[in-house]
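Peer 1: Next come the chains, spelled out residue by residue.
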Amino acid sequence: MRISTSQIYSSGVLGLQSNQQSLFKLQNQLSSGRRILTPADDPVASAQALVVTQSKDINSQYIENQGSARAQLGTLETTLGSVVDLVQATRERAVEAKGILTDNQRGFIATDMKVKLEALLSLANSSDGSGQFLFSGYQGGTRPFAIDGSVAPVPPATQAPVTYFGDEGQRLVQVDASRQMASNVSGSEVFMGIRAGNGTFSTSVAGNSGGGINQGTALIDSGSVANPALWNTAVNAHGGFRIEFSMGGSGLEYQIYETNAPNAPMLAAPAAYTPGQAIPLQKTTAPAADFGARVVISGTPAVGDRFSVTPSSDQSIFKTIQNLIGAIETPVTATFTSTELKNRINAELTNLDRVIDNLGRVMADVGTRQKELETLTTGAKDMDLQYATTLSDLQDLDYTKAISDFTQQQTQLEAAQKTFAQVSRLSLFDIL
Amino acid sequence: MSSGIIGVGITGIRAAQVGLLTTEHNITNASTPGFSRQRIIQSTTPPVATGAGFIGQGTIVTQIERLYSQSLVNQVNTAQTNVSELDAYYTEIKQIDNLLADENSGLSPALQDFFRGVQSVASNPSLLAARQSMISSAEALVSRFRSVENRLSELYDGVNTEIRSTVETVNSYAQQIAELNQRIVLAQAGNNQQPNDLLDQRDYLVAELNKLVEVKARVDSDGSYSVFYGNGQQLVVGATVSKLVVQASYSDITRMVVGVQAAGSVQELPENLMTGGALAGLLNFRSETLDKSSNDIGRLAATLTLTFNAQHALGQDLLGQALGEGSFAANFLTVSQPLVVANTLNASAATVSATFASPTAATGGGFYTNLSNSDYRLTYNGANYTLTRLSDNQSWSNATIAGLSAAVSPSEGFTLASAGVMAAGDSFTLMPTRFAARNIAVNSAVAADPRLIAAATPVRTTTGSTNSGSGMVTAGTVATGYALGALPVTITYNSGTNQLTGFPGGPVAYNPAGTTVTFNGISLQITGTPANNDTFVVARNAAGVADNRNALALGKLQTQATVAGGTANYQDAYARLVSDVGNKTREIQVTGAAQSALLKQSQDARESLSGVNLDEEAANLLRYQQAYQASAKMLDIGSKLFDVILSIRS
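As given, the protein sequences belong to chains A and B, one line each in that order. Position in the first sequence counted from 1, then plus 21, gives you this note's numbering. Position in the second sequence counted from 1, then plus 32, gives you this note's numbering.
Any given hint could be a false lead.
To give an idea of the interface, some chain B residues facing chain A are shown, with a C-beta separation under 8 Å as derived from the structure [as the list claims (entries may be wrong)]:
#: 1; residue: 133
#: 2; residue: 144
#: 3; residue: 155
#: 4; residue: 158
#: 5; residue: 295
#: 6; residue: 492
#: 7; residue: 498
#: 8; residue: 500
#: 9; residue: 527
#: 10; residue: 529
#: 11; residue: 560
#: 12; residue: 579
#: 13; residue: 611
These aren't lab readings, by the way, just hints derived from the structure by calculation. Built from N, CA and C at the ideal position, the CB exists for glycine as well.
Extracted from the complex, chain B is given alone in its bound form (with noise of 0.2 Å):
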């Protein structure tokens, strides 16, 4: 029986000492991430059966168990994973959106300026100071939209560095889990017990790839985890890891994509597929913001280059030099064409080029384009010719590509051209407007001479000396494609047939309330009563240095509706982008701030269960202290017990 003492208070003593371990175990485990707290589960050894019924052997620890839930951890997962999506996303917009608030880098102040310099030329034509001054500000304008160009493309630089490294650490991750599994597997295969640390881990590798990609894992009946990314595409079975690969995307090299090696090639992954983690942030910033901020930025530049070209070009410079004349310079700003990339897994050679159709005149002057926000495919099936714009998928086809040009160029404002014979199959991507921000300058012919601004317009009118009438005639105006070589003319009054007549597809009859003369795209506005014979002449505004008309409607294009087929002036385009990029930024922080007092609650709960509290282990350990002192107890007097028996014999 006393053995019966001593093995009773040695399986106490056991079980105290379990107990304390496990507890220092909880202790110094308590700031390690991922870590479940542990407690033993004791219970009684199987008890003799005597005839006064069955005694207690003692204690026995049957289990070393983690406080652990999976569904609690999969909420913090799911948690996680939107969080870290939405910092990923607010940390990329949030550049753009310090950018354009910025009052010093935002383009608006130099884009007033620019258009006070054009002013200042209105206002003083023959003067080379205020020509000079609206060519600085023009070179101030165009360095601010490069500037602003390139911190946007750095953002782009910066995407693709970090989709690379996110998908190493991805990559690494899942090789761990990999491992984690084997030893896992072997672990369990031993004994029946849970090897808990090794669990925590691998369940933490898992939330700290749902950081970076939202994944599902799936414990499997040998015990290892299954994970799965996207719609159920494996990452992890098993031992095995199938490696998600960056690289060039084959539609534009200059973007880096997610894809997996599949038989010989590397197959790209919808961006769409990625969800949740910050891999989900970094391409949907780029392809919802950072694209659309670019093209927004590029179309704001390629217009103003258009039409502000085209204003120009109806002018005549301070040489009094007109379109197609001498070192006359019609464009005063120049912008790089669309951008068109081959897909690199294109079969022929072919090449594709757009251009930048011409500005359409507004009814009331100015001009304006019709450019999108948006990039286009172009594909080639064998047959037909398709032009799909990416933005909302409407789509052009048509046999030629001549006939696609002409089929897009009205309404998307550029024209394509193709060289070679294309492959059914091939495919190229269009940018019309994404460097245009990058590659605006101020024609250096002019810059170099500011004389060459063309404030003046190249023709002017004079009513006949000899005129007896009232007849009054406006100062005429020119429109694109107007030709000079008929100059000068005369428009004579014929009070016979009430007719106007001398000009090139003359006459016309004369209404006194005003009728209006238009030849060679040169036009003019005759009112009054005039006498017969009464002469109007129309002549080359030779020596019209003081003539200022082509420059106030340069001015005036910043208040006509230019951009977006004539919805909106420059500012009010940039305005828009501001705005939308300021909504968005908005939306993330609210729905970030939303998700992350989901992510507090979920791991609260998880804390809840499995959490480390200091207090209470030190109450355990104080339990289990007096747990082992009192088992220590027990050997004592089963010692002494002892001690009695051996003392009668002696």
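If we strip away everything but chain A, and leave its shape as in the complex, we get (with noise of 0.2 Å):
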């Protein structure tokens, strides 16, 4: 084939370009460690490096999540143990209260008990690392707990009802793609919305029927629920029961009341009584009916004594040792107020239980939290290293293989810079 002269340095000058262009790309290459330069490179890694890349942030963004709440758990975790403290320290002194003490030294039980109660609502005030209180819900610049002054003491408390201003907010955090984990507790669940009584039912003395406290010296237990679904359908029905001695031909004799219906009498006929015997809450009248519960009576009641079981309501901490305060601080003036007193710390020490109950589910439910919290963290940074193998995979430049092409690259523009050089200067005119 004839060659043309500016063939040979059009062609010269085009593979020189070439392997200078493959060359350029390559030292890009090399000097950003990036096997994409551009997405015309790798138009489908590229988009998938940029999915990856959003998967990756938002997985990191998790974890970072998880540990914020991890961190608000954790604070609420504390402030949970300081409450448990307190309220098992108010027990142990309730206790205390039942024994043979004087009034006076029921007294300094119930002044340290005030003072237990001053630290109870300063802990349920507390509030986290930004100023948010822990246990107001979604109203987090509330303060959720304070007494009352505005509403009047419920006996047999004699002071003023703490009050709860928060609500029922959850506040969640994405701690994963599916999960939004509440990083509080509202103050509801921890301090107020506590069961009264055994859970179902409280059981509490109801003074005689005559006026007055009662006058035996019967002391009556919180109860048993054998069957809630009977129990249930009962307190639909009947609101609720009251029980009621009495003089018998034979000797004492108890009678059972519905509340809906104060006088109208449950059982068909009294029954007698013998202490410490579990009287089953029932209807014989017709229709006759299994309530499914019953109540231990022990001691001897005088006649009139009532004593009244009702479906539990929600009672809180506060209100339950205001009132266990208000019993301790009643001056024992015969036997029958100190049995008053003992049926009333052991209704409150029931509903403490229920409270150390509840305080043992929130924390319980807290650990779960966090328990969690470590399984997904463990979990988002697998998926974190995951994320930038495949980042890595897709992005990043083979470094051996790169060097090696590189110093091939070269060799290959050396070889034709120097036979164009050599090709470029043969010409006949320089022998002429």
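Two chains, two frames, some hints: make the complex.
Peer 2: Structure (structure tokens):
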């Protein structure tokens, strides 16, 4: 084939340029460490890398969120621990108050309990690092608990009740793609919404039918529920019950009355009373019904003494302690007032047990969340590594290969340069 | 006879001279573009008949021919016009490719940062610093949108400028070809020889023209070229040039288009008529890649704005305000409405406006829009309005604009309205998302007061404090169009009827597995076993400064399918654009390389025939020099022979 002189030059230059282009690209890749310099180099991998980058970013955001949830749950756990300690100490003092003590000595206990109540209130109003109250739900800026002076004290408490100004809102943290975890517990859940009594119903002294407090020495326990379904039906029908003692032919007898119709007897005939015997709650008038629950009354009631069995409603920790203080501060003047004190303290001790149960439940819940966070964080960190590997596979340069390519390209360019110089130097005119 | 000797010698000298001149011409034009090497064709002069036979009378140069092949030149031109088209395309698309590749100027990091800001508000809803950081990251995101859009706008301007200068050059080449046509016709009329250099120049101009736009040249009987482009449109015929015109398009005045001067007005040429050359490269780049990229970025901006705002509007700000109250800002971002351009040839002064439709609420939370990345054309034929989606020519027709709007808004994501009476033949161009990325901004009210970020949900629920059952209530959500007027609402459980009562639209039957109560756009769920007369209160979320429910919902938008009818999230949509541009760039690159190889082959073939080889010319120089010397020697011999005769006399 005939070659023209300009072909020699243009081909030579073209060859040099394409070599230089390849070298330039390799050099860029080597200096940036990236295999893909622009999306055109590998469009599919570029798009994939963008998607993986977002996944990786979001994943590290989850790890961050998990950290902040962990910190908040940690604060919560510490505070709840202090609350449990306080409640335990209060319970010990309450048990102590049941002993044979003078009014004066009980006065000291009452004072100590008041201090504990204050401490509890201040714990309930704790705030987190950023100044948000821990237990106020959504209303982070609202002090959740305060003694509400506008409301009259509800006996036996002598102090105005503590009101909750927060709400039941959950402060959620996105800890995983499909998991939003609450980083708080609401004050109502910890301090307010505690089922009184045995959780289903509470028992209490209801005063003598002749007026005043019970005159006998009968003590009532917190009762037990054998069949919750029957109990629920009974409560929906009758509201609650009252056990009243009377003197029958062969000694003390009791009758059960419903709350909805206060004087309608439940038993066809009053039943004989044996101290320490379980009294089944039931209806023997037609239509007869078993209420699925029983209470035990021990000691000797006086005629007309009454005890009530009411479905449990929520009672706050504060109300329980205030009730205890109110009961303890009541002077003991006779055997029956001592019995009244014991009955009242017993009732509130049952309530305190519910409080401790509830705190235990909340702490277990918080603990479970912390445990879940650990698992999530471990998983998320694994994922992070996974994403990093994928991203590296997609984008990063294989240095060994790139350097070897570079060397090869360099050799090629040098060869092209040398040969071009030599070929272009050849001319017949030089010889003429 | 001796005069014969001298005469023959002189023909040799003359021929050698012409040979030398032609060789020198070749040498001096070795690097002249478009030059074809020339050579002399020598033949014998007519011999003299004698009794002894025919005596040769020397030589004569009959022709100086150029070594030229029309088919090789055509091959070069075809390859060249393809390469030039791809080169022009590549130069432009490479800029978008680089723009998207850059980690700092790309959209992706800003998008991630923005949602990081949203997350920080979700983590600390009452912290002003977190709110400020969300606003700052939003400002960074919108400015990134604008800078990407700005870069694309520059490319539009660049394309417009280049189209103008390309067409000017085309016209100038066409003019020069017409002039050369005249000179060639004149030159050929004088004698029967080819004016080689003029022909080379004209071929060169045709080759140059092919770099700008693909043309075909046809040789007429008088030797002039007729030059055509497209599918037979005349550019040059003989000495006449039909000039191309560049002007703003009738349908979109921001767009420079190529047309021809027709009687009284300029007629726009369809863009697909221009094949090959830089002009086609530019036009194709604009219609295939630039429009789509701008629309894609715009769609992302518009969708982000619409979906984010829709969720933001369901919130409650730090001041406790919800939608419609006080200074509540429903919109966190703002964006311009779709652009509608009236055709400048419209007979009426009617106007059309388009508005983004509200995004659709997705099942499972979040929102999505149906916006496409296409432009649309609205036409009126006197009876019906027709909207055509230009990407696939899907069209909708209706007798009224309102009817048309109702027909398109569910699937296309915008509504239409018009003012004034249209005349038959009027048309409008709709670019729903073209400039959205240019005009996206953070709502200035929110930017000035971070407390207006709606991180909370406007309602909350409480279980009654005297409840004795175990019924539980969820926190409550609101949907678009909700109303708070009825709050607080107390929902009561009645065990006798097993119903929930006390709310607008109630009662509903209760199912312990979960009963959803919905009224006025507010929804909540009650589960568990409530006791008779247990209550659940739905109230305003007063002072709910630590509530982050709406911020969480905003954060979730990042991974929800919000774009393109709920098929992709923001990042997916962006990745799709990057992949599309990357693929197109690669395609152009690969095709360009193949075409360049083809061009080199055809150029080599042409060079092989027509190119000057200096070594060859050096040999020719020697050859003609020696021929000259030999012929001169003949003169010498002739002269000496004559001297012999003269000396006899003396």
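Peer 1: Would you mind marking each hint as holding or not holding in the structure?
Peer 2: Structure-based check of each hint:
no. : hint : verdict
1   : 133  : 4 Å, holds
2   : 144  : 5 Å, holds
3   : 155  : 5 Å, holds
4   : 158  : 5 Å, holds
5   : 295  : 46 Å, violated
6   : 492  : 5 Å, holds
7   : 498  : 5 Å, holds
8   : 500  : 5 Å, holds
9   : 527  : 5 Å, holds
10  : 529  : 13 Å, violated
11  : 560  : 13 Å, violated
12  : 579  : 4 Å, holds
13  : 611  : 4 Å, holds
When the structure is compared with the earlier hints, violations turn up for hints 5, 10, 11 and for no others.
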